[in-house]
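2 protein chains.
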Amino acid sequence: MELSEHIKTANVEDVVLRQPFLPPASGTLCITGHHLLFSDRESRTPRQVLLLLRSVDAVEKRTSGSSGTLTIKCKDLCVLQLDIPGMEQCLNIAHSIETLSSLDDVADLYPFFYRPPDLSLRDHWGLSSTENHYTQVKALQDKWRLSDVNRGYSVCPSYPPSVIVPKTINDDMLLKVAKFRQGGRFPVLCYYHRTNGMVIMRSSQPLTGANRKRCREDELLLQAVIDGSDKGYIIDTRSSQQAQQARMTGGGFESKSSYTGWKRLHRQMERSKALQESLIKLVEACGDQSHNMDRWLSKLENSKWLSHVQTALSTAGLLAECVERDSHSVLVHGSEGTDSTLLISTLAQLIMDPSCRTLEGFLALLEREWVQAGHPFQQRCAHFAHSHTRLQQESPVFLLLLDCVWQLWWQFPLALGFSENLLLRLATEAYASNYGTFLCNTDQKRCAMGVKEKTHCLFQALLRSTERGLYSNPLFEPTELAIWPSVHPQSLQLWRGFFLRWTQHARHLEEVQEELRNMINEWGRPDTRVK
Amino acid sequence: MELSEHIKTANVEDVVLRQPFLPPASGTLCITGHHLLFSDRESRTPRQVLLLLRSVDAVEKRTSGSSGTLTIKCKDLCVLQLDIPGMEQCLNIAHSIETLSSLDDVADLYPFFYRPPDLSLRDHWGLSSTENHYTQVKALQDKWRLSDVNRGYSVCPSYPPSVIVPKTINDDMLLKVAKFRQGGRFPVLCYYHRTNGMVIMRSSQPLTGANRKRCREDELLLQAVIDGSDKGYIIDTRSSQQAQQARMTGGGFESKSSYTGWKRLHRQMERSKALQESLIKLVEACGDQSHNMDRWLSKLENSKWLSHVQTALSTAGLLAECVERDSHSVLVHGSEGTDSTLLISTLAQLIMDPSCRTLEGFLALLEREWVQAGHPFQQRCAHFAHSHTRLQQESPVFLLLLDCVWQLWWQFPLALGFSENLLLRLATEAYASNYGTFLCNTDQKRCAMGVKEKTHCLFQALLRSTERGLYSNPLFEPTELAIWPSVHPQSLQLWRGFFLRWTQHARHLEEVQEELRNMINEWGRPDTRVK
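Taken in order, these protein sequences are the chains called G and P.
The first sequence lines up with residues 1 to 531 when you count with the working numbering.
The second sequence lines up with residues 1 to 531 when you count with the working numbering.
Don't read these hints as lab results, they were simulated from the structure.
Please note that a few of the clues may not be correct.
Identical copies look the same in the list; a pair holds intra-copy or inter-copy alike.
[Unchecked claim] Cross-link-like lysine to any residue pairs, in silico, SDA-like; alpha carbons within 25 Å at most:
#, residue 1, residue 2
1, K138, E98
2, K176, R122
3, K143, P24
4, K176, S162
5, K299, D288
6, K179, L127
7, K61, L439
8, K299, W410
9, K281, E453
10, K143, H6
11, K213, G287
12, K281, E301
13, K73, L265
14, K273, N292
15, K167, D288
16, K454, E429
17, K452, L318
18, K452, T503
19, K179, Q493
20, K73, V59
21, K299, Q289
22, K256, D227
23, K454, E467
24, K299, E270
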């Protein structure tokens, strides 16, 4: 196995491990192609720590005399420290961790080797598909059709093979529309609102460019969406100025004159770099050990993270209002349509649609709107907030989604069928995982790599009866009503369960959840409540 | 009844009431000596609102044409609005509310008239007494005695008649010590730590003055407390500089040379005015309707409220560490010994003593350490944060205590036997109440007014079986261990349940508590857990 070439020192004795909540332990450190293994067999309470190397975000070396100390900062914010005797051994270990934690080739990653006894590669992969989604919603079938124009990923590499489009738009027209949208992401249906038949569409920006190019088929497609109803809305996740500027680089927006039935609303959402910098600042603030309250609050403000949460929730609220309260169909896009577009369409669905709020429903929503819809997980979640590597395509958009969902969860503690644990687990898995779900940037690539044949599906694994209890909300009481989040700054707060998870306090909050689960397990829920 | 003289207009028809969470209602407004009554009998869902006038903090008048609008800001942060037809009527109502909400004579207040059917004036008043406290702790009786030197409140008007002091100090000596301490508040025992016999004493500052006066008996008293053990600590809740300055106005501190067995630690805690201003700023920030996240966080920081919470908890932590971890007895005082002194002695007891953490135990602790120990509730809780009246003796020290207890409760969700509801109720009752518990500034005054004969006891009322469920923590699992709060700024947060209680979101949190209570009521707790 070629990974072994990166391992010059595989074993070190007498290593001291320091980790949160536990006393230091002395034992043997072992590096394999995918894991760091620490075992302390001799103490009265033997400890084994198995760390997936992929979950290491940064390694800091400090040497003194003949020994060294490695500080390992993980992508789940956990910080471990290893005191390693022997300078050379220490540097070897550091080098191995650094190299093996950032392998470029997806095929080398651990999901292709992970074989837990209670899962089989022949198990069904994934929870939902466009086809299922289409068949489930009968009312949809009047005016909408399933198109496999993207079979073989030939039209849009970041879309799944099947998509839902207006019945009156044929595949030839779709081909033309795809050429007019960045990355081929032509407008597709992602949500059908049962009570009034309105829909959410999503796409990338139209390639109008400096010359205000038009595409007749694109206009017809959108016309077909509103089909005589009074008006549709386009929520553009860029400021009006940003949208104008995009024309200089070939992008653009839907002009009023060409798209007469549609009204454009601009809501600027920060993307890639600004969001990543915000996360870095927040993580730094959370790790600040000074006892100064003013400094903490000022750093929290300065990170802007909560402002991003607020913007995402309020834009999603706007989208849901258009659909649910004002009965308009809405098209959402920014530039590429793979980040903030997915963020707000997902949140709006959670707000409006009770079927997305169960444990299964939420995972299926993530699968449809993030995995299949082409959020580039491999690029966005390559590093977390500690890495000194120059920022490339990293951006914590998915983490921002989970934070927003947590705010919803916290504001409506009975309305969501899943627990905070699920959100924490997903936040971890998106950055480093035993499962194949978040590998690669697109469905096409996952298909090419054989991800669905050679790795296990995280979502399926989370629904196993052994795991389910941990990820369900014991207080869940489904409601058919929309859950409108408050976006007042006073109503939003730091997701302490995630950002401060390695502090003593977070443990106490876990105790509450455990206590609740115990109560439920002992007694079950009364029959009067729907599970 | 003379209160009626303040009522020129007793009834107004066609008044429109606006209050949080409910649609506006039109009905009849009626002012009595103690209440504002609104009733809307004609609508399909008749509404009656009975507001204790004492709970009104400020009234704002706005007139337009022939009618007026009163905005009534309550001491529990609720804001009501009344649209009143007729300018004169409106001004009359405003005048009545203003006058009747701030009556000076305690005997006029509603607790002297409140007669609920399920309570009797012959019921036992209060939960505990110094005598009970003394008899309960057997180990205490070796070296400590109960003194009734203060019978008739002749020595210290703000102490109860009985106090616990070292056995070797007789009443004559106490008389001399009392003369040497501000307000006669000589050092008394408030907590005995069973596992190591160490104690917490509290007092006011010694009156050393500019001439460094000494009092032999005071020195002997403190000497008797440590009685040969290695050292005692004095926690002075003022900065060293403030303590020095106090000498200029007759106050002072225990000098090293005169109190050889004692080591002084200074921890500056904000008192009266600064604390009141902090509350006013925080309340203003919480009511800010702008949607600006940065502005909110900056106002929150600027109010300094969370810094005060942090200081209180960390000083209490220091006190508990001295007693529990380092086995030293501690004397606590600032200037008067009626505010921050009580704050940190109470918090330290909650941290160390499991018997204070049950519902009854906590109420008894408040009764001993706040009501009987002479916190001047009447002065401190006269107004809340909206009143335009010039600040006098107002200071939200008790509210700060409740906030700190809430932080403990939130950090140790299983360790405290009472619910957030209890803290919210106490925060309301301290400012305006049907009960006599928080009336007057001292036990002496309550005695003189016949409070215990002519009003009902809040603490007894809260323990009635009908109320108990609401105020108990359904997840309570008593622990014998100390509960050490984290005082990292990241671990402390705004008490949203109180400060944002009239927002929609707080209602959802209440739903969770209700759901938990329902579950417990349906199933009870398993036998393996101690109630």
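Q. Which of the listed hints are broken here?
A. 1, 2, 3, 6, 7, 9, 10, 11, 13, 15, 17, 18 and 19
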